Every structure is written in C-alpha cells, then in structure tokens.
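Protein chains: 2
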Amino acid sequence: MKILIDAMGGDNAPDAVIKGAVEAIKEIDSEIILVGQEEVINKKVKEICDVEKLSDISSKLKIKHATEVIEMGEIPTQAIRSKKDSSMVVGFDMLNKNEGDVFISAGNTGALLTGATLLVGRIKGIDRPAITTMLPSEAHGFLLIDAGSNTNCRPINLIQFAQMASIYLSDACEIKSPRIGLLNIGTEENKGNELVKETFQELKQNSDKYGINFVGSIEARDVFSGAIDALITDGFTGNVFLKTMEGMGKLVKKNLTKSLKRNILSMIASIPTLPAIKRFAKTMDYREYGGALFLGVKRPVVKAHGSSDEYSFYCTIKQAEAFAKSKAVEHLGRGYL
Amino acid sequence: MKILIDAMGGDNAPDAVIKGAVEAIKEIDSEIILVGQEEVINKKVKEICDVEKLSDISSKLKIKHATEVIEMGEIPTQAIRSKKDSSMVVGFDMLNKNEGDVFISAGNTGALLTGATLLVGRIKGIDRPAITTMLPSEAHGFLLIDAGSNTNCRPINLIQFAQMASIYLSDACEIKSPRIGLLNIGTEENKGNELVKETFQELKQNSDKYGINFVGSIEARDVFSGAIDALITDGFTGNVFLKTMEGMGKLVKKNLTKSLKRNILSMIASIPTLPAIKRFAKTMDYREYGGALFLGVKRPVVKAHGSSDEYSFYCTIKQAEAFAKSKAVEHLGRGYL
Numbered sequence: 000m001k002i003l004i005d006a007m008g009g010d011n012a013p014d015a016v017i018k019g020a021v022e023a024i025k026e027i028d029s030e031i032i033l034v035g036q037e038e039v040i041n042k043k044v045k046e047i048c049d050v051e052k053l054s055d056i057s058s059k060l061k062i063k064h065a066t067e068v069i070e071m072g073e074i075p076t077q078a079i080r081s082k083k084d085s086s087m088v089v090g091f092d093m094l095n096k097n098e099g100d101v102f103i104s105a106g107n108t109g110a111l112l113t114g115a116t117l118l119v120g121r122i123k124g125i126d127r128p129a130i131t132t133m134l135p136s137e138a139h140g141f142l143l144i145d146a147g148s149n150t151n152c153r154p155i156n157l158i159q160f161a162q163m164a165s166i167y168l169s170d171a172c173e174i175k176s177p178r179i180g181l182l183n184i185g186t187e188e189n190k191g192n193e194l195v196k197e198t199f200q201e202l203k204q205n206s207d208k209y210g211i212n213f214v215g216s217i218e219a220r221d222v223f224s225g226a227i228d229a230l231i232t233d234g235f236t237g238n239v240f241l242k243t244m245e246g247m248g249k250l251v252k253k254n255l256t257k258s259l260k261r262n263i264l265s266m267i268a269s270i271p272t273l274p275a276i277k278r279f280a281k282t283m284d285y286r287e288y289g290g291a292l293f294l295g296v297k298r299p300v301v302k303a304h305g306s307s308d309e310y311s312f313y314c315t316i317k318q319a320e321a322f323a324k325s326k327a328v329e330h331l332g333r334g335y336l
Numbered sequence: 000m001k002i003l004i005d006a007m008g009g010d011n012a013p014d015a016v017i018k019g020a021v022e023a024i025k026e027i028d029s030e031i032i033l034v035g036q037e038e039v040i041n042k043k044v045k046e047i048c049d050v051e052k053l054s055d056i057s058s059k060l061k062i063k064h065a066t067e068v069i070e071m072g073e074i075p076t077q078a079i080r081s082k083k084d085s086s087m088v089v090g091f092d093m094l095n096k097n098e099g100d101v102f103i104s105a106g107n108t109g110a111l112l113t114g115a116t117l118l119v120g121r122i123k124g125i126d127r128p129a130i131t132t133m134l135p136s137e138a139h140g141f142l143l144i145d146a147g148s149n150t151n152c153r154p155i156n157l158i159q160f161a162q163m164a165s166i167y168l169s170d171a172c173e174i175k176s177p178r179i180g181l182l183n184i185g186t187e188e189n190k191g192n193e194l195v196k197e198t199f200q201e202l203k204q205n206s207d208k209y210g211i212n213f214v215g216s217i218e219a220r221d222v223f224s225g226a227i228d229a230l231i232t233d234g235f236t237g238n239v240f241l242k243t244m245e246g247m248g249k250l251v252k253k254n255l256t257k258s259l260k261r262n263i264l265s266m267i268a269s270i271p272t273l274p275a276i277k278r279f280a281k282t283m284d285y286r287e288y289g290g291a292l293f294l295g296v297k298r299p300v301v302k303a304h305g306s307s308d309e310y311s312f313y314c315t316i317k318q319a320e321a322f323a324k325s326k327a328v329e330h331l332g333r334g335y336l
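Going line by line, the protein sequences match chains A and B.
Per numbering that gives the first Met the number 0, the first sequence starts with residue 0, numbered consecutively.
Per numbering that gives the first Met the number 0, the second sequence starts with residue 0, numbered consecutively.
Since the hints were derived computationally from the structure, they do not count as laboratory data.
One or more of the hints may lead you astray.
When chains are identical, the list treats them as one kind, so a pair holds in a single copy or across two.
Claimed, not checked - Straight-line alpha carbon distances no greater than 27 Å define the calculated DSSO-like cross-link-like pairs of lysine-lysine that follow: (1) 59 / 1; (2) 175 / 203; (3) 249 / 190; (4) 260 / 249; (5) 190 / 82.
Values in this document were obtained by computation on a predicted structure and should not be read as measured data.
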C-alpha cells in the first residue's frame, strides 16, 4: 500500500507532518509518499533523522514534488481550480491514477472536500459525501456522521450516511451489524425537528431494505454509553455536537489543572496521582482516534485536524492504512447501495 | 416574596423537594408554599424536622392542598386540561392570582411548558417562549436559550430569544450590556444552516434596533471561554448542545474514577488529591446553576431537572428567588420589545 500525505497542509506543516510520518513508518507496512516542496521536505527529513535512521526508512519514505501550497484562508473551489501544482491537487491526481491508496491532508478543509468531490468524484448513488470521525465512548467508541460537511440535509442524505457508516464499520472496524442511532432530543416518535422525524419514520419502516441495523433515536447524553456504533445527524448538528465535546474537554482540563494547582500543598499532593491523571487524559485524547474520513467519494480521503501535531499525524497515518486496507471504499462503490 | 413549589413533581418528589425547601428556607427572605397533597407533605416535613426546627421555619413554610398529581408520562395538553386540582395547575392558578411570585416544578416538562403558555400566557410580542439555563464557563457562566422548547424556529424567534436573554441577564444577573453569541459551526458569514445565516444577517444589521449587544457567531468549542453571556440557538440544536455537555460530563467522571481506582496503589495515591478532585467536581456540578427559566410567559416559571435531588432544589429555590426579585419578567412584559 502507498499512503499519500499532503506535507504542506495544516497549521504545523511541514514539521509535524514529517515527524508524524517518520514515527509511523516504523509501524506500518505501507510506503509513505510526502507530497509538497521537495527541497523543504528533504531539508526537514534530514533535520529530524540521523544518517542511520535515514537509511533505515529511505526505502519506505518517498517525496513527490509539488510547487504550490493551498493556504487555509483560500476560497475552496477557486484554489482547487487554479493551483494545479499544489500539494493537495497533486495528491488527488496521484490518488486518481492509483499511485497511492489513500490521501491524508490537514490543509484547508473546504478545499479538501471540494477537491475530493470534484477531482476524485462521488460514488454513484451517494448524493452527499460526508465527513466522519471516531469519538470516545465507554465501549470501543462510535462513528459520527456527518461531522460537518452538509449543513442542510434531507432524510435521504441521513439514510445514506447510515448506509456508509454500516459498511465502513463492518469492513474497516470488524463490527458485525453496526448499531445505528439517530441523534435526537428524545426517544419518543414525536420528538425532534422535521428532518429527524421524517428520517426516523423512514428508517423505522425500511431499515431492512437499506441494510441498516437501526436502533432508534438517541439523546446526546446517552451516545457515550456504548449503546451505538454510529451516530447519524446532519452536518450542522453534528459539527455542534463535535465542537461541544471539544469545548467541554478543554473546560474540564482547565478546571482539573486549576483544582490540582491551587496551592503548593495541593500541587505536592497531586504528584502520586499523576499516572492516574495521565491515564485519564489518554482516555479523553481525541488524537488517538485519528483523522476524519470523507466517505462517499471514489477513493479513500482522510482529513487530519488543522492543528494536528506529530502525534495526531502518527495516529492518523495508522488509521488511514487500516482504512485503505479494509477496502471499505471499494465495497461502497461496488453497488452496495 | 412567595415562592410556589410543586411538591409532587420530579423523580424524587416529594422527599427531595421538601428537603431542599427546608434547606433553602434558612437562607432566603421569601416564604415557601409547597403545593400538593397536604397530608403527604405534612408527614414528610415532620419526618425531616425536629420540633425546634419545625417551629423555626413554620412561619415561612406553608402548604397549599392539591389532590391530583400530573405524572411524567402524561400527554401535556390533556393533563393540564383535565387535572384541574393537580399540584401543577393549582400552582399556576396561584401564580396568576398573585398568591406567589414564582413557580418551581420538576414535574412533566411538556405539561409545565404547556401550562405556562396556556394558563399563564405569553408576553405580548413574544411569539415563542423559550427554556433557558445557565451553564458553566471559565468566567461566570452563560445562558443557553433555547435549551429545548422550540424544535423548529424562524430567525424572528432567535432574535426574540436574544432580547429576552439580554433583559434577563442585565436585570437578574447585573451584567451590563450582555454579550450575545449565535451558536454556529464557524465564524465566517457564509457558515451555518439557513436559519443561522438569516439570523446572523438580521442581527448584524439591526442589533441596535433590537437592543442587543451582538458579538457574532460562535463555535461550540469556544462558548466556555467566557467570551459570551448568552448563547442563542433553536431548541433542537440547543438541546443537543446541553445533552452533549451532560454526556461528556458523565464520561469524564467515569474515566477519571476508573483511572484513580485502577488498583489499590493508585487508590491510596489519590487520597491526598481528593480535596482538589472535589473542588474540580464542584466546578463541573450543574446543580449549582439551578433550574431552567421559562422566559416569555407573563409570570416567572422555573423548571427544575426531573431527577433533581435535594441539593438541586436548594440551588433552584435560591435562583428562583433572585429571578423573581429581579422583576425581569415585568420588564419583559412592559414593552421592552
């Protein structure tokens, strides 16, 4: 397998991208191709690796030169159309030509989604590709779809999200008959806005036809219990959900740190608990769940968080390899729908 | 002031209601009137208080007899219309007759909101009353409106929510020119669903006319930073937001406890940090923020959480007194809008 990585995308590019790639390469079977300005990448790789390490990894780490960079603030369609030699567009071209099995970028999200849709193309039968991300729960976590790409949805979009989630989870995560929950503000049939009520009725009546193990509506406070494998929602609500988690996580961290560091005594008292606090922090660390998969396009595309650090890239690369190996995208394309 | 409390409402009624009332009564100026089955309430009060305490509080704690109880599963409109002698309907009647200054209930939410709208009535100029709740932030917290009563909204509803929040926060919480943020999935003008985009344009152009200090769109991950005093959203998104916080809070608590109790060593090690962990838990304890205010009806109505314990009731009673004293509802009614 070959993993294509946009070396120039993200707030911490290219440093964090390259460091993450060097870390991950030891643990994966695939080859990594860093796409971007060759000279810049080469210099960074040499800074990071000593001669011995360099010779160790050189057979698995390649560079594909691309002169331009799509910046974070650029208008997506325009950037994709005009910057033909950008690391992002070159990455998509390689993916299309089968010169890579999955493409990762932490760059301009709009440009990545637009590029994936325009250059890679939608899978036949999928009206709206959607961004998805794994989130923590008391069990093995759950997949959120749509995490933010489609702000205005119709019931058919949510149903297709459910189908894509089902195929991805069974193929790539080996979850048999994944349990699909509809994000709602109550579990009774009359609860929810129009979109949710209509989707609920359609899924309740025809989930077999769609090949979905629909477990009903679920409230946001219950999704972390391990009762579902995928949470279906429109991109507006999904993005609010995701960012509420993120905000709460930050608030919790600040309050915990403040409580532990209130005075010298509590600081000293906290030292023996540091391993436990670290274990706790690890269970709440989203970076381990990797990047966001863009499901519904013809080839595997992974969006890494814009502010990804080297550890995030490391996790995302490992996840991207599993995603590509699973052939979930091929299954989606082969008329599962 | 007189605080009316539905003694029969909520999962832990009447025990938790009465205990909370007995706790709060020492610290407030107001009289408390417990509405419900006199015999049951009397028995409970005697169980909780010894003779001395009873004589201490008896001048401030009254009972208003009501024979019926609206149960949690009942259909709101039907329950309100048929159970004329329920603790909830009697409470509303007393509120209407000025026999109390604020009404608190932890009972059937739908029935409470329906009762407030039908029996107490909407303030002229307010199309949709909304449920609001204070939530924690790094500063003094912020008000969420709508927290779940209106699942389908138009821009005018959100604008009225912003107006009500502004008046409540300046009157009852003494916040000068409260900062109003619109819950969105980005801060750029083109971000959001149709509702949010239209509301944004209207508020951007006419916030002066509406008397609102509009600070723009805000993402869910940033609302806890202390940058806003009120968060405006439709009831569907607001309820998802609120319950995501709740779910994350539970997940954090479980993971932290699990990490601290993993083995006997980490349990012993955690003992000196317990005061700090407790301080932390306190900062994340929603009960301190009290109940949910139903803004937009002619008299002050407060919804306590269905699963409120005695401490929640204690906090809610204190908050309800401040709410009634502030005269925010009168100001809303006096044509501020």
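Just pull the numbers of the violated hints for me, sorted ascending.
No hint contradicted; all consistent.
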